[in-house]
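Student: Sequence:
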Amino acid sequence: DAAGAVWFGTGQNLVREYRGGFEHWPSAAIYAIRGDAQGQPLLATAAGVGTWRNGRLQPIPGLEGPFFALLHHGDVLWAGGLNRLCRNRAGHTQCFALPAGASRRVTALAWDAGQLWVGTSAGLLQFDGRRFSAQAALPQLATLDIQSLLRDRAGNLWIGSIAALYRRYPDGRLEQIDKGTFPPNPWIDAIFEDRDGNLWLGSHTQSLYRVANSWTARYGQDAGLDDPFVWTLAAGANGSIDIGTNGGLSKLADGVVTTLVPPGALPNPSVYALFRDAQGALWIGTRGGVAVWNNGALSMPPALAPLRAWQINLIAEYPRGTYWFGTQGGLYRLQANTLTRYGASPGSAGARIRALLPLADGALLLGTEDGVRELRAGHISAPAWAAPLRGHFVTSLGWLDHDTLLLTTLDAGLGVLRNGHLRLLTQQDGLPTDNAWAFTSHGGEVYFSSIKGVWRVPLRTLLQPLAAAPGIRAQPVLTGNNRIGSEERTRCCNGGGAGRMLRVGDTLWLPSINGALALDMAAVRAPPGPGTPRIERLRHAQAWYATGATTRLPLGERNIEIEYTAPYLNNATALNFRYRLAGYDNAWVAAGTRRVAWYTHLPPGRYGFAVQARVDQGTWSTPATLEIVIPAHWYEWRWLQVLAGLLLAALLLLAARWRWRHQKLQQQRLEALIAQRTEELRRVNQRLRQANDALTAESLSDPLTGLGNRRLLAQNWHELRRLPQLAVILIDLDHFKRINDRYGHAVGDVVLREVATLIQRLKEPQDMALRWGGEEFLLLLPGLDAGRALVLGERIRLAVRAHRFNDPSLGDMQVTCSLGISHWPLLPTLRERDLDGSIELADFAMYRVKSQGRDATMALVPGAQATLMLLTAPANRYRASGPCRRAALAGSRLSACHRVPRACSAPRAAARQWATFALPEPAPMPAHACDDLLQIGARHFNSRLLTGTGKFMDLHETRLATEAAGAEIVTFAVRRMNLGQDAAQPNLLDALPPTRYTLLPNTAGCHDAAEAVRTCRLARELLDGHTLVKLEVLGDQRTLFPNVIETLAAAEQLVAEGFEVMVYTSDDPILARRLEDLGCVAIMPLAAPIGSGLGIQNRYTLLEIIENAKVPVIVDAGVGTASDAAIAMELGCDGVLMNTRLPARAIRC
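The sequence shown begins at 1 in UniProt numbering and counts up one residue at a time.
Hint data in this document are derived by calculation from the structure and do not stem from the laboratory. Treat the hints with care, since some could be wrong.
Unchecked claim - The list that follows gives simulated cross-link-like pairs (lysine to any residue, SDA-like), each with its CA atoms no further than 20 Å apart:
1) Lys-737 - Asp-855
2) Lys-251 - Asp-194
3) Lys-737 - Asn-1098
With the hints as extra help, turn the sequences into a complete structure.
Tutor: Put into C-alpha cells, the structure is as follows:
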C-alpha cells in the first residue's frame, strides 16, 4: 500500500507485514486484493467486496456474496463473482450475468482496447461494456479453466491456465508457449509484469517463473544438428546457413538442420573453416586438409594434398581465382592449380596463420599466433607498428572505416591502428575481457565474440583519438553459463579461425558448443537501470530499528549497521552500490555488491545517509536517504562544553598572570646573577687573553734563544709577501757539534743564546730573526737586496768571531759562522712562490762557504741567464757523477762534506746562470776531502744513504730510484727477491749489478736465530761468498720490534761463521754495546716502529749510542723523509737507511 506495507489474503485471515512486523485479523476466505483510489486494501472475499479500514472490512453496497477477481480501470471497479460480472462506479453497482451454460466463476479480469477480457473456470469471455460476445473470440480457449490474465505494456494478452500459458498478440494471433519451457500442467495462478518488462508467473504446482523476451535463438540437436559442437559458419543459398561442426558439414534452412557432408567423407571430420567463393563453391577447411562442396558434389583437389598435414584456420579468395589458406604450418596460395608456401618454418608461432586482410596496394596483412605479419612482394615481415603485439595471438583483422584498422587478440585486448600508431585497449580501459575472437559493426555498435560471450562497444568510442577516449564502456550482450551479469546467459562462443562470426542482415550467427546461435542485433537493448534503493533497517546496540524519514537512536554505543537493497528483478546480482554518510564521509564509499554499511564510534550529531545503485557500469540511480540522529551524553552538551571552556580559560588566565609575576621576579634575580657572572667572566676572559697572548708569543718563539721560530714566519708570511723584496740571510755556526761533543749541550746552549743576542742587537727593528734549526739562524730583511744584505751579514760574522762567551769552560775559544745570502722573489715573475726557493739558494751559498773553508759570507742570486726551470726545480740543477755529485748537492742536510772540491765542474757550469757575491774566500781544502764518507768494516763508501727495494713497483723502478738517490748500498729481503733461483722471473742482479752496488741481503721475516742464520747462509751461497749481511730477527708481526734475545744469538753465530753483520736492533745503548762487543761491523738502531713514518722519536737514546759506539751507527726504521734524515745527520749518525719509495728528488750525498 502507500505506506509500504504488504497485505496477504488467506482462507481464514488477512495478514499485514510492515517493517518486519506482522499483524493478522480473522476474515472470510480472501480471493483477491487490490488497492483503492486512496491506496487502501480492497478485498474480494467469500462474503463480498469491501475496503479494509481501521481494522475491519467496510463492505461496498451491491457487491455482496462471493467474489474472486477485481480490476480497477479509471474510476470503475470491476468485480467477478459466481456466474456474474459487476461494475461499480461512483458508489453505484451494476451486475451482468454470464452467458447461459455450466456454472462458472470469474477468476481473472483484464482490460484491452476498450474491451474487458473475462477469464472463468469454463473458458475465456469478451465483454464490451454492455454484453458478452456471442461468439468466442479465441475458440481454442472457449472451454479452458482460465486462472490468470494480464495485458502487458506491449499490448500482448497473457492467459494462464492449468494446462498451459498463452499469448495473444495485438494483431489477434494466439501463441501457446513452448511446452518445453514449462513442465506439464504448470497451473499459472498469477501473472505480474515488473517495471523492466519481465513477466513473473506464479505456478500452483511449480513455484515462481520469470519470462522475458530474448534476442537470441539456438539451433542444436533439437533442430536436427548431429554434433552440437559448432566451429564455423557460412551463408548459403536462399537464406540458409552452412554449419561446420566436429562431425561434418550441415545446413540450416527454415529452422531445420540437415546433413550435407558426413564426417567420414572429409579429410578430417572436424570442419574448422568455411568459405564460399565467387562462383558459389563452398571450400571446407578441416583439421587435416581441404575439400570443396559444389553443386551437391564433394571433391578434394590434388594440388591441395600437402595441406592434409595441417589444420586449416582460414580460407580466402584474393584476387578472384586466387585462394589463400591460413594453416598451422604456414600461409599457402593456390593459383593456376599451383600451391605455394610463404612464411616462417612450420612449428613456429609466426607460421600459424589465424587471420588475413587484403590491403589496397596488393599486400596482405596476416594475424598469427606471434603478432602481425605483412606479405609484400612474396616476402613476409613484421610491421614496425605491430611490435607491441609480438608474442600475442591475433584472432581477426578488419576495417572500422577507410583509415582505421581494428584487430582482436586472444589475451592482449583490442588494437586500433590509425596513421601508423597502434592503440591497445584492455580491461584497464573498460573492456569486460582481454579476449576477442571476431567482430562486426551494426547500427553504430561494434559487436565482439569472446570466450566470455558477446559484448558491444559504440563505434564512435573506438574512432575517437586516445586523449578524447579515456575509458571504454562496453555493454555485455550474451555471456556463458554460470557467469553473472545483466546480459542474457548462454554458452558462447568458439573462436580461433575464420567463420567464427557471420552477419546476415540484423542477425549475427555465432558458433558454440551447443549449436549455432542467432543473435537479433535489432532487438538488443541496454539493460534497464534499478529503481530507487530502499534502506531496509538499521542496527544499533544489538537492536534493529525500522527506518523512516528520521531515525533517532538512544544513548549508548555509537556503532551502527545499515542494510539496504534496490528493486531489480532482472538480475539482482548485477547491482553495484555506493553510499555516503553526510557529516562523516567526505566522498562516496564504493560497496560493490555488498548491501550493508558499517560505522563505528560516531560522534553525536545529525547525519544524512544516502545510497545509490546501478547495473554493471551504468548510471547511478536516485539516492535513497535516511536521517540519523545520535544523541550526546551530558558531558558532550555544547553549552556545557562552552561553559567548561570559559571556566578553563579563566583558570588559565589566572595561572598565566601568576606565572607572569613569578617569572618577572625570577627574571630580576637572573639579571642580577647574570650581571655578576658577566663581570666574573670578563675578568676570567681577560686572564685567558693574557695567558693566550703569552702562549702565542711562546709558540712563535724559540724557548732557548728567544728568537722567532718557523711558526712565526708562517704566521707573518702573508704580510711579508706584500713587500717589494726581502733579503734572506742563513747563518750556520761552524763546527758546533764539536762544542757539544767536547763541552756538553749546556755550553752549546750558552753559545746559541749569546749568538742570538748578537743577531738581535745588530739587526734593524723591522728585520725578522728566527732560529731555523739546531745551530742555524735565519734573517729576513724587508726592502733590502742581496748585495746590501752582505754588509749586515759580514757585520754579524765578524761580531760572532770576535765575541767572547761568558761560559768559563770555553775560555778564549773562537766561534765562527758561515753565512749564505739570497733574496725574494728570485725573479719578478715568481712573486707567487713562497720563500722555499730563496732559502734553498741561501742554503746552497752557505754550503759553498763551508766547502771553501767556512767563516765567510756569500750571496747567491739568479744571473742574467737564469731559467725558470732552474729556479722552480732546484733539486735537478746539476747532473754530475762521481765526486761532483756530492758537490752539486752540497746543500743537502745529509752531507757531511762541507767543502766543494775545486776539481768539480758543476759549480763552474752553474756560474753562467748564477751571480755570486762573496767576500775574500778562505784557503781551499784538498780535492779528496769529500771521499770515504762512510766506512763499514774494511769497506769504504762515498754516500751515507742506504736504500731498500721493498717499496717499488718493479726492478726497473728500483734501479731508477737508486741511481737518482746516489746510494751505494742497497738492502733486500733474501726470501722475497729473485737472485737467479727462478730463471723465468726478473733478477735483482741484472737491475743492480754487484760491480756497481754493494748488495746488503737482510733476514726480513725471520722470527728466531736459527731461521736468520739459515737465510744468511743462503744469501752467501747465492752471491758467491758475499759475507756482508743485515741481521733482522723480529719479535711479532704487529709491531715488528726486534727480538733482542734471538738477535744476540744469531749475531754471535754469524760472526763466528765469518759474516760481517750489520744488525737491526732497538735503541737500547746497553744492547748496542753488547752487539758491538760480539763483533758486529755496524749498529742499526730503530728511530721509530718500522713503517710508521713517525720520524726520529728517540733522539737522546740515539745520542747515547752514537757517543759510545766505535763502529758506524746507521739509523734504520722510521726515517721516511729528507727532513728526518737531516735530523739524523745533525745527531751525528754515520748513515741513514731509507727503505721507502724515493722520489726523483731524492736525498743524496
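Student: Could you run down the list of hints and mark each one as holding or not?
Tutor: So, going through the hints one by one against the coordinates:
Taken as a hint, the Lys-737 and Asp-855 pair is honoured in the structure, with Cα atoms around 16 Å apart against an allowance of 20 Å. With a C-alpha separation of about 40 Å, the suggested pairing of Lys-251 with Asp-194 is violated against the 20 Å cut-off. Using a Cα cut-off of 20 Å, the hinted pair Lys-737 and Asn-1098 holds, with the two alpha carbons roughly 19 Å apart.
In this structure, only the earlier hint numbered 2 is contradicted, and the remaining ones agree with it.
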